[in-house]
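Each chain, letter by letter, is given below.
There are 2 protein chains.
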Amino acid sequence: MKQLGRHILAEFTGCDTEVLNNIEQIKTTLLEAARQSGATIVDSVFHQYNPYGLSGVVVIAESHISIHTWPEYGYAAVDFFTCGDQVDPWKACRYMKKKLACPEMHTQEISRGIPGGPDEIIPHKPLDKPSFNRKPA
Amino acid sequence: MKQLGRHILAEFTGCDTEVLNNIEQIKTTLLEAARQSGATIVDSVFHQYNPYGLSGVVVIAESHISIHTWPEYGYAAVDFFTCGDQVDPWKACRYMKKKLACPEMHTQEISRGIPGGPDEIIPHKPLDKPSFNRKPA
Numbered sequence: 046m047k048q049l050g051r052h053i054l055a056e057f058t059g060c061d062t063e064v065l066n067n068i069e070q071i072k073t074t075l076l077e078a079a080r081q082s083g084a085t086i087v088d089s090v091f092h093q094y095n096p097y098g099l100s101g102v103v104v105i106a107e108s109h110i111s112i113h114t115w116p117e118y119g120y121a122a123v124d125f126f127t128c129g130d131q132v133d134p135w136k137a138c139r140y141m142k143k144k145l146a147c148p149e150m151h152t153q154e155i156s157r158g159i160p161g162g163p164d165e166i167i168p169h170k171p172l173d174k175p176s177f178n179r180k181p182a
Numbered sequence: 046m047k048q049l050g051r052h053i054l055a056e057f058t059g060c061d062t063e064v065l066n067n068i069e070q071i072k073t074t075l076l077e078a079a080r081q082s083g084a085t086i087v088d089s090v091f092h093q094y095n096p097y098g099l100s101g102v103v104v105i106a107e108s109h110i111s112i113h114t115w116p117e118y119g120y121a122a123v124d125f126f127t128c129g130d131q132v133d134p135w136k137a138c139r140y141m142k143k144k145l146a147c148p149e150m151h152t153q154e155i156s157r158g159i160p161g162g163p164d165e166i167i168p169h170k171p172l173d174k175p176s177f178n179r180k181p182a
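Chains as they are written, first to last, in my numbering: chain A, 46 to 182; chain B, 46 to 182.
Treat the hints as calculated values from the structure; they're not laboratory data. Any given hint could turn out to be false.
Which copy is meant is left open, because identical chains are indistinguishable; a pair holds if it fits in one copy or across any two.
Unchecked claim - Straight line, CA to CA, 20 Å or less: simulated EDC-like cross-link-like pairs of lysine to aspartate or glutamate:
#1 LYS136 / GLU63
#2 LYS170 / GLU77
#3 LYS143 / ASP61
#4 LYS144 / GLU63
#5 LYS170 / ASP88
#6 LYS72 / ASP88
#7 LYS72 / ASP130
#8 LYS170 / ASP61
#9 LYS144 / ASP61
#10 LYS144 / GLU117
#11 LYS170 / GLU63
#12 LYS144 / ASP130
#13 LYS47 / GLU69
#14 LYS144 / GLU69
#15 LYS170 / GLU117
Based on the provided sequences and hints, a complete structural model is requested.
Right under this line is the structure:
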């Protein structure tokens, strides 16, 4: 694979249910997690569900960090998808685990990029000007 | 695992580079993909990068659909994370493949939920009132 990014899928269980249902706290925490990883925050969106649970996504210049919570299960599904070598998604992951008072997390890291060929890391943001050939309209 | 959701991670290669760099087209397409899957759209955010590439996330009541494009590689990383049995993430995935003029996609479907125990599907949205015990503040 020509790897562009690293994607951690984390299952956080046994979390503090109050935190999982507090949109302001989750918003602050997810944004800080992005900063902890070294990412550049581009935009974010958060939504509280009725009767409980919430979703949040922080778009970063290096992809995204997202959370979906089920306070009724003490569970959150959290994704840390980052590209480039300037960002460490594990820093964000460890920060979130701590802030959600999560005693146990299960994670898997998946490489994102162009499948096939020998494994190599390709640049996230080429420094030279656009040179790709556009298809005819 | 007590499964709450299904998460398809898709690598789209050989895509139409113009489409991958057209934020209005990607926005329209990603929102329609969400509808095609049967999801309820909650919010969305899209961002165009300089000199090229874009990110987009559609938050749905059933989790999220996201895209990050690298027109210079003809590549897009697309996620379809849905919960509940009313939504089919594969419908969104097939729709996106077609709209990005993607000749080849590589996908993996990962179950999201609470690890451990026998495999079962647990309700995405319990119908009864909140009954979870909050931890003491």
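Practice task
Go through the numbered hints given earlier and state which of them the structure violates, listing their numbers in rising order.
Solution key: The structure breaks hints 1, 2, 7, 12, 13; every other hint is satisfied.
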